[in-house]
Amino acid sequence: MARYDSLIDALGDTPLVGLPNLSPSWDGERPVRLWVKLEDRNPTGSIKDRAALYMIRAAEADGRLTHGCTILEPTSGNTGISLAMVAKLRGYGLVCVMPENTSIERRQLLEMFGARIISSPAAGGSNQAVATAKELAKQYPDWVMLYQYGNEANARAHYEGTGPELLRDLPSITHFVAGLGTTGTLMGTGRYLREKVPDIQIIAAEPRYGELVYGLRNIDEGFVPELYDDSVLTSRFSVTSYDALRRTRDLIEHEGIFAGVSTGAILHAALSVADRVAARDERADIAFVVADGGWKYLSTGAYSGSLQQAAERLEGQLWA
Amino acid sequence: MAIEVKIPTILRTYTSGAKAVDGKGDTLSALIDDLDGNFPGLKGRLITDDGGLHRFVNVYVNDEDVRFTGALDTALKDGDAVTILPAVAGG
Numbered sequence: 001m002a003r004y005d006s007l008i009d010a011l012g013d014t015p016l017v018g019l020p021n022l023s024p025s026w027d028g029e030r031p032v033r034l035w036v037k038l039e040d041r042n043p044t045g046s047i048k049d050r051a052a053l054y055m056i057r058a059a060e061a062d063g064r065l066t067h068g069c070t071i072l073e074p075t076s077g078n079t080g081i082s083l084a085m086v087a088k089l090r091g092y093g094l095v096c097v098m099p100e101n102t103s104i105e106r107r108q109l110l111e112m113f114g115a116r117i118i119s120s121p122a123a124g125g126s127n128q129a130v131a132t133a134k135e136l137a138k139q140y141p142d143w144v145m146l147y148q149y150g151n152e153a154n155a156r157a158h159y160e161g162t163g164p165e166l167l168r169d170l171p172s173i174t175h176f177v178a179g180l181g182t183t184g185t186l187m188g189t190g191r192y193l194r195e196k197v198p199d200i201q202i203i204a205a206e207p208r209y210g211e212l213v214y215g216l217r218n219i220d221e222g223f224v225p226e227l228y229d230d231s232v233l234t235s236r237f238s239v240t241s242y243d244a245l246r247r248t249r250d251l252i253e254h255e256g257i258f259a260g261v262s263t264g265a266i267l268h269a270a271l272s273v274a275d276r277v278a279a280r281d282e283r284a285d286i287a288f289v290v291a292d293g294g295w296k297y298l299s300t301g302a303y304s305g306s307l308q309q310a311a312e313r314l315e316g317q318l319w320a
Numbered sequence: 001m002a003i004e005v006k007i008p009t010i011l012r013t014y015t016s017g018a019k020a021v022d023g024k025g026d027t028l029s030a031l032i033d034d035l036d037g038n039f040p041g042l043k044g045r046l047i048t049d050d051g052g053l054h055r056f057v058n059v060y061v062n063d064e065d066v067r068f069t070g071a072l073d074t075a076l077k078d079g080d081a082v083t084i085l086p087a088v089a090g091g
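Those protein sequence lines, which keep their order, are chains Y and G.
155 is the number that my numbering gives to position 155 of the first sequence; each next residue is one higher, with no gaps.
64 is the number that my numbering gives to position 64 of the second sequence; each next residue is one higher, with no gaps.
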């Protein structure tokens, strides 16, 4: 049945598709297979729809959010777009604090959904957006900050959604790979899968940006999301813009999947793990997520020219 | 035995502005001691008083986070690439 009462009801239950061409071995006695969960098939085109809906429902349930309220959120884009859609349908205002070095498509989408954007300086990246949002929350106490980095409903969306869907569709799963931002996807999905498949490997891929984004004045200004618990993970990879772009193009070239840059980073980590398993002559079913499609990154030049040129253009941009 | 270590902007005051420096050591711990000999004070920014990695410092050997490969005991070999980065927000 693919009929829903509203757009929000169509959220989740995304397809899991195999990658027969990129997998080290698809058939045989000990196959090492890659599977991808197409989270770009969610209502606004990203995995963040799950967290946005759960965080809003939780705030409604505990009475913090009532009709006409304004939601405040620091976001590099996708969470903001998801919140903007849900907020529009439920009658809330939305103020997003977003680093200025994010793609123009994200800004246009937010404006289209009626969100107000407050820009934070490029130097300092998302750290600065978080700090600015916390300041605003003090100035405007009637605004409701959902705060995706510390909101348990963000991880719960994946504990109750992404995780069970994956296990249902791939009972033989051995590895799960996802991007590390708020850490909600990895914490929620990881905890669920570990309970059901105790020896599962949970692998994080985090973006390694250009230097501008790490423009802290002091190490003590660093940031680790409150949701993060490193005991859920078994390994964590840092992926350069170049490698992320290379893999994004591999996905199109070999599997016909047009994904965003962060998905390239996730594939890069998944392939590192797949190669190690194949070298040990073991079997594996490695699942990872397409966090969003490539549409919102076209203006960054990620998909045109040589890889080197594209990576240089992406320098200083927030792509996850 | 040379291991290239990438230094983040915020710690380049210790390396006279160098973006990458060479060091040596069989483990990450030994490498950091070696670096501290050439760039005094660097160790104090990476390691806390109780001997662990600073909460807001991430160290990667060949792009893999050392907290999942043995932390300061992570084994190193010639040609490995070590990257030091401050922890920042994503999402």
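Derived from the structure by calculation, the hints contain no laboratory data.
Keep in mind that a hint or two might mislead.
Said to hold, decoys possible - Anything over 10 Å on all C-beta distances counts as not near chain G; from chain Y, calculated:
| # | residue |
| --- | --- |
| 1 | G18 |
| 2 | L89 |
| 3 | A129 |
| 4 | G181 |
| 5 | A204 |
| 6 | E211 |
What the hints assert, rightly or not - Cross-link-like lysine to aspartate or glutamate pairs, in silico, EDC-like; alpha carbons within 20 Å at most:
| # | chain 1 | residue 1 | chain 2 | residue 2 |
| --- | --- | --- | --- | --- |
| 7 | G | K19 | Y | E312 |
| 8 | G | K19 | Y | E315 |
| 9 | G | K43 | Y | D220 |
| 10 | G | K43 | G | D73 |
| 11 | G | K24 | G | D34 |
| 12 | Y | K196 | Y | E165 |
| 13 | G | K43 | Y | E165 |
| 14 | G | K6 | Y | E315 |
| 15 | Y | K196 | Y | D285 |
| 16 | G | K24 | G | D73 |
| 17 | Y | K134 | Y | E226 |
| 18 | G | K77 | G | D50 |
| 19 | G | K6 | G | D50 |
| 20 | G | K6 | G | D63 |
| 21 | G | K6 | Y | E211 |
| 22 | G | K19 | Y | D285 |
| 23 | Y | K134 | Y | E211 |
| 24 | G | K6 | G | E64 |
| 25 | Y | K196 | Y | D169 |
| 26 | G | K6 | G | D36 |
| 27 | G | K24 | G | E4 |
| 28 | G | K6 | Y | E312 |
| 29 | G | K19 | G | D36 |
| 30 | G | K19 | G | D33 |
Said to hold, decoys possible - Rough simulated footprint, nothing fancy, chain G against chain Y, three-plus residues with beta-carbon under 8 Å:
| # | region |
| --- | --- |
| 31 | 92-101 |
| 32 | 114-128 |
| 33 | 217-229 |
The model shown is predicted, which means the values in this text are computed figures rather than measured ones.
Beta carbons are placed, not taken as given, at the ideal position from N, Cα and C, and that holds for glycine.
Verification of the supplied hints:
The beta carbon of G18/Y sits about 26 Å from the closest Cβ of chain G, which is more than 10 Å, so the claim that it is off the interface holds. Listed as outside the interface, L89/Y is consistent with that label: its C-beta sits roughly 22 Å from the nearest C-beta of chain G, beyond the 10 Å cut-off. A cut-off of 10 Å between C-beta atoms contradicts the statement that A129/Y is not in contact with chain G; the least separation is 7 Å. A beta-carbon of chain G is positioned within 10 Å of the beta-carbon of G181/Y; the least distance is around 3 Å.
With a least CB separation of 8 Å from chain G, A204/Y falls inside the 10 Å interface cut-off, contrary to its annotation. Here E211/Y does not stay apart from chain G, with its beta-carbon only about 5 Å from theirs, under the 10 Å limit. Annotation: proposed proximity of K19/G to E312/Y holds, straight-line Cα distance about 18 Å (limit 20 Å). Of the pairs offered as hints, the one joining K19/G and E315/Y holds, with about 16 Å between alpha carbons and a cut-off of 20 Å not exceeded.
The hinted pair formed by K43/G and D220/Y meets the criterion: a straight-line CA distance of about 15 Å does not exceed 20 Å. This hinted pair checks out: K43/G and D73/G have alpha carbons roughly 15 Å apart, not beyond 20 Å. A threshold of 20 Å between alpha carbons decides the hint, and for K24/G with D34/G the separation of about 6 Å falls inside it, so the pair holds. Taking the CA atoms of K196/Y and E165/Y, the gap is about 13 Å. The hint holds against a cut of 20 Å.
Note on K43/G and E165/Y: the hinted pairing is violated, with a Cα-Cα distance of about 45 Å set against a maximum of 20 Å. Taken as a hint, the K6/G and E315/Y pair is honoured in the structure, with Cα atoms around 17 Å apart against an allowance of 20 Å. Simply put, K196/Y and D285/Y have alpha-carbon atoms about 15 Å apart, close enough for the 20 Å limit, and the pair holds. With a C-alpha separation of about 14 Å, the suggested pairing of K24/G with D73/G holds against the 20 Å cut-off.
Between the alpha carbons of K134/Y and E226/Y the distance comes to roughly 14 Å, so the proposed pair stays at or under 20 Å and holds. Distance hint between K77/G and D50/G is unfulfilled; the C-alpha atoms sit about 26 Å from each other, more than 20 Å. Annotation: proposed proximity of K6/G to D50/G is violated, straight-line Cα distance about 24 Å (limit 20 Å). Proximity of K6/G to D63/G is assessed by CA-CA distance (about 11 Å); at most 20 Å being required, the pair is judged to hold.
For the hint pairing K6/G with E211/Y, the CA-to-CA distance comes to about 12 Å; that is within 20 Å, so the pair holds. Between the alpha carbons of K19/G and D285/Y the distance comes to roughly 39 Å, so the proposed pair goes past 20 Å and is violated. Simply put, K134/Y and E211/Y have alpha-carbon atoms about 24 Å apart, too far for the 20 Å limit, and the pair is violated. Taken as a hint, the K6/G and E64/G pair is honoured in the structure, with Cα atoms around 14 Å apart against an allowance of 20 Å.
Restraint check for K196/Y and D169/Y: satisfied, since their Cα atoms lie roughly 14 Å apart, inside the 20 Å limit. In summary, the hint linking K6/G to D36/G is supported, as the alpha carbons are separated by about 14 Å, within the 20 Å threshold. Taking the CA atoms of K24/G and E4/G, the gap is about 9 Å. The hint holds against a cut of 20 Å. This hinted pair checks out: K6/G and E312/Y have alpha carbons roughly 19 Å apart, not beyond 20 Å.
Among the hinted pairs, K19/G with D36/G is consistent with the structure: their alpha-carbon atoms are about 16 Å apart, no more than 20 Å. Restraint check for K19/G and D33/G: the C-alpha separation of about 19 Å stays at or below 20 Å, so the hint holds. Evaluation of the coverage hint for the region 92-101 of chain Y: breached, as 0 residues show C-beta separations to chain G shorter than 8 Å, against a requirement of three. Using a Cβ-Cβ cut-off of 8 Å, 3 residues of the region 114-128 of chain Y lie near chain G, which meets the minimum of three, so the contact claim holds.
Under the rule that three or more residues need a Cβ within less than 8 Å of chain G, the assignment of the region 217-229 of chain Y holds, with 9 such residues.
In the structure shown, a violation is registered for the earlier hints numbered 3, 4, 5, 6, 13, 18, 19, 22, 23 and 31, in ascending order.
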